[in-house]
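Trainee: Let chain A serve as the given structure and place chain B on it in line with the hints.
So the protein lines, in turn, are chains A and B.
Start counting the first sequence at 0; every next residue gets the next number (numbering that gives the first Met the number 0).
Start counting the second sequence at 0; every next residue gets the next number (numbering that gives the first Met the number 0).
Do not rely on the hints blindly, as some may be mistaken.
Same chains, same names: a pair is fine if it fits in one copy or spans any two.
[Said to hold, decoys possible] Derived lysine-lysine pairs resembling BS3-like cross-links, with alpha carbons at most 30 Å apart:
#1 K55 / K141
#2 K195 / K141
#3 K16 / K120
#4 K20 / K117
#5 K141 / K117
#6 K65 / K141
Don't read these hints as lab results, they were simulated from the structure.
Protein chains: 2
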Amino acid sequence: MLFCDIGNTTYHFFDGKNSYKESIKSFDPSSITQEVFFICVVPDILQKLQHLQNWKNLEVCIDRKKYYDTMGIDRIVACEAIDNGVIIDAGSAITVDVVKNSEFVGGFIYPGVTFMQKTYKNISKLLDYKFNFEVNLSKLPKTSKDAVSYGYLKGFYLEVTSYNIPVVLTGGDAELIHQLLPDATIDENLLFRSMKKLQKVCFAR
Amino acid sequence: MLFCDIGNTTYHFFDGKNSYKESIKSFDPSSITQEVFFICVVPDILQKLQHLQNWKNLEVCIDRKKYYDTMGIDRIVACEAIDNGVIIDAGSAITVDVVKNSEFVGGFIYPGVTFMQKTYKNISKLLDYKFNFEVNLSKLPKTSKDAVSYGYLKGFYLEVTSYNIPVVLTGGDAELIHQLLPDATIDENLLFRSMKKLQKVCFAR
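This is chain A alone, in the form it adopts within the complex:
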């Protein structure tokens, strides 16, 4: 049995012990014959997977009424993992979702590190810097590199810390965001643990 979280850039697999990624562009899901329990935020791939009987969509296990219509299934499954806290899933996008007493309060979507770096570069090659996640946020910057890092990180930091509740970090860039939010907990397998729980409850035989 495999678990798979399909995001905008990768198929992220979990075999119960280890996780590994395959590129969204080159990977062929029909190359797998095992049973795969998945979630997917990419409409084209979702359609493709409907024709593969061993790929089982965990979305059917979700009570969607607790969330909102167009909310990504990855965000929903992350919220199902905790009772209280902020979940920051840092991938292509950084999604920030707040759960209180097992209720989804709301959330927002911020561009992920790689996409945002590209954005600055596209605006001007003079802004093509690698972000400094340890930039001093208590003082307005006086270098271009810090002006870009501060622009990306300061408001995000102010918003997330304003909730005053524990933060859980997951996703490929969790380590980077951890430099910004050292009090947060990293939980790489948050989504997979939640998927496993859903699978147990809903596909039990």
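Mentor: Chain B only, in chain A's frame:
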């Protein structure tokens, strides 16, 4: 006599009364025979203009020691325009600079509206929304459109309002940012006024 602010996407001209824009890609600066006092943040174009005698760079009038080495000349000229306040220049990039007692305190760079909208779209076509500048920032969103608008605007809003000093808006997207910061003043010709002042002091005959 003309003034010209050359940014990453346009030549922005001012003839003393009216302003108009030409695309950076198609406009040929040698087509102008009048005297043009300019500032420019695009290195390639700056090099080209060095060979045109009627194009006079206002950067020579600036005491760069008051600022930092790689700071864009447009930001510097904007800062020269005021004694106290926050200047938000909303173009391809949104630059935010704080001036106190005619001293540059520091500033940061945030992606402009158009570039940021493209960024969300590039992450996923499901995030391809036009920003809602009147999104409710006092409550975490429960729709994707608001989740994206809130992601772009909330932290930025928190940061800028934290200074508690008057905000001046300029640049092509000043009207949009004004919806977010209704207490700010729009000053479309801030840069040109500052350029005019510099020209008078420094190129006086």
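Trainee: Now tell me if each hint is right for this structure.
Mentor: Results of checking the hints against the structure:
no., hint, verdict
1, K55 / K141, "between (52 Å within a copy, 27 Å between copies)"
2, K195 / K141, "between (48 Å within a copy, 26 Å between copies)"
3, K16 / K120, "neither (38 Å within a copy, 34 Å between copies)"
4, K20 / K117, "both (22 Å within a copy, 26 Å between copies)"
5, K141 / K117, "both (22 Å within a copy, 28 Å between copies)"
6, K65 / K141, "between (45 Å within a copy, 11 Å between copies)"
Checked against the numbered hints listed earlier, the structure breaks hint 3 alone; every other hint is satisfied.
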